[in-house]
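**Student:** In case you want the letters, here they are:
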Amino acid sequence: MAALGAPLRTLRALLRELRHAAGRSYRDSPAYRHVLAAFRAHRVTSEKLCRAQQELHFQAATYLCLLRSVRQHEALHREYHGRGERSPQEVAGLVGFRLPQQPGGKG
Amino acid sequence: SDSPGGFEINLDHRKLKTPQAKLFTVPSEALAIAVATEWDSQKDTIKFYTMHLTTLCNTALDNPTQRNKTQLIRAAVKFLETDTVCYRVEEPPALAELQKNEWDPLVTWAEKRYNVTIGSSTSILGPNIPASTKETFVSHLASYNMWALQGIEFVITQLKSLILSMSLIDRHITVEKAVLLSRLEEEYQIQRWGNVEWAHDYDLCELRARTAAGTLFVHLCSESSTVKHKLLQD
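Taken in order, these protein sequences are the chains called X and E.
Letter 3 of the first sequence, counting from 1, is numbered 3 in UniProt numbering, and no numbers are missing.
Letter 154 of the second sequence, counting from 1, is numbered 154 in UniProt numbering, and no numbers are missing.
Since the hints were derived computationally from the structure, they do not count as laboratory data.
A portion of the hints provided could be inaccurate.
[Said to hold, decoys possible] Short, incomplete list of chain X residues facing chain E, as computed with Cβ under 10 Å:
| id | residue |
| --- | --- |
| 1 | 3 |
| 2 | 32 |
| 3 | 53 |
| 4 | 54 |
| 5 | 65 |
| 6 | 69 |
| 7 | 90 |
[Said to hold, decoys possible] Covered stretches of chain X, going by a simulated chain E footprint (3 or more residues, C-beta under 8 Å):
| id | segment |
| --- | --- |
| 8 | 13-22 |
| 9 | 74-82 |
Even for Gly, the Cβ is constructed at its ideal location relative to N, Cα and C.
With the hints as extra help, turn the sequences into a complete structure.
**Tutor:** What follows is the structure in structure tokens.
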């Protein structure tokens, strides 16, 4: 089984990512409620973690990785790849010009 | 919302459809919730390139490449011939050593777990995979339903490795570790020459996101207790 660390830590991080994703009403979101319910249902009652608990933990860790990576990817995209070309107005403005107004459109 | 064939997604009271206009139905409630969360996360614009689970569901429903189960399995197992973790360099020695230390344990794990011979090779032709090994993987993959197979094939194409993908599906390693091992040479070069955030981290996050989505997709489509079998006709 993969080295996952403490289930509680995964759960907290996952819930935090869901907060980012869902916005203000995150506590009512289906995902938030589903994750909490799943963790409660599989609460550790004995010393050994049973297979079902391990599977749930792995799923939670995978979902956490998905949410986190998507957020990070999007942030990098906005930072480096989102800006696009400048419009003609902006380019003219760089050197102090303004584009001429042509009421009838281009000739 | 629940329906006899599976779970549907409603966007502002309209039922979500696939690109080929089929009704968007998924076999697992957890998967439906995760897809709904992807849609809820969209703010001003719909960024489809971030909605990996939705994309995977669309692929499973529409099957745009028109492949049947046998063809999907064949495509997946074919990757073993050029599996990243079997394809080794000789130069530079530091990288060869790194590949040996990081990848050998994975190959050994796969050989033990599936009772097959795989090995590794520095030849440009790649490793020589025995037919019996391929057959073992073919029959193992046949035990997965069509939806899960779409996910498995997707993960394999992302990681460029059947071994890393099976290792992930079998929960032997985490997504982060699988991605790291898949990108071992890149990581080696980054350590030597430095990191370029807008390229390296960008690719890293995208690969992690896609691999995580594929893995989650496979697991959610394979659970026997929560999956609606009617939808997963092979």
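**Student:** Next step is simple, just say for each hint if it's right about the structure.
**Tutor:** Hints versus structure:
1. 3: Cβ of residue 3 of chain X sits 7 Å from chain E, so the hint holds.
2. 32: holds (9 Å)
3. 53: Nearest chain E Cβ about 12 Å off; hint violated.
4. 54: holds (7 Å)
5. 65: holds (4 Å)
6. 69: holds (4 Å)
7. 90: violated (21 Å)
8. 13-22: Per the Cβ count (3), the hint holds.
9. 74-82: Check passed, 6 qualifying residues.
This entry does not satisfy hints 3, 7, going by the numbered hints stated previously.
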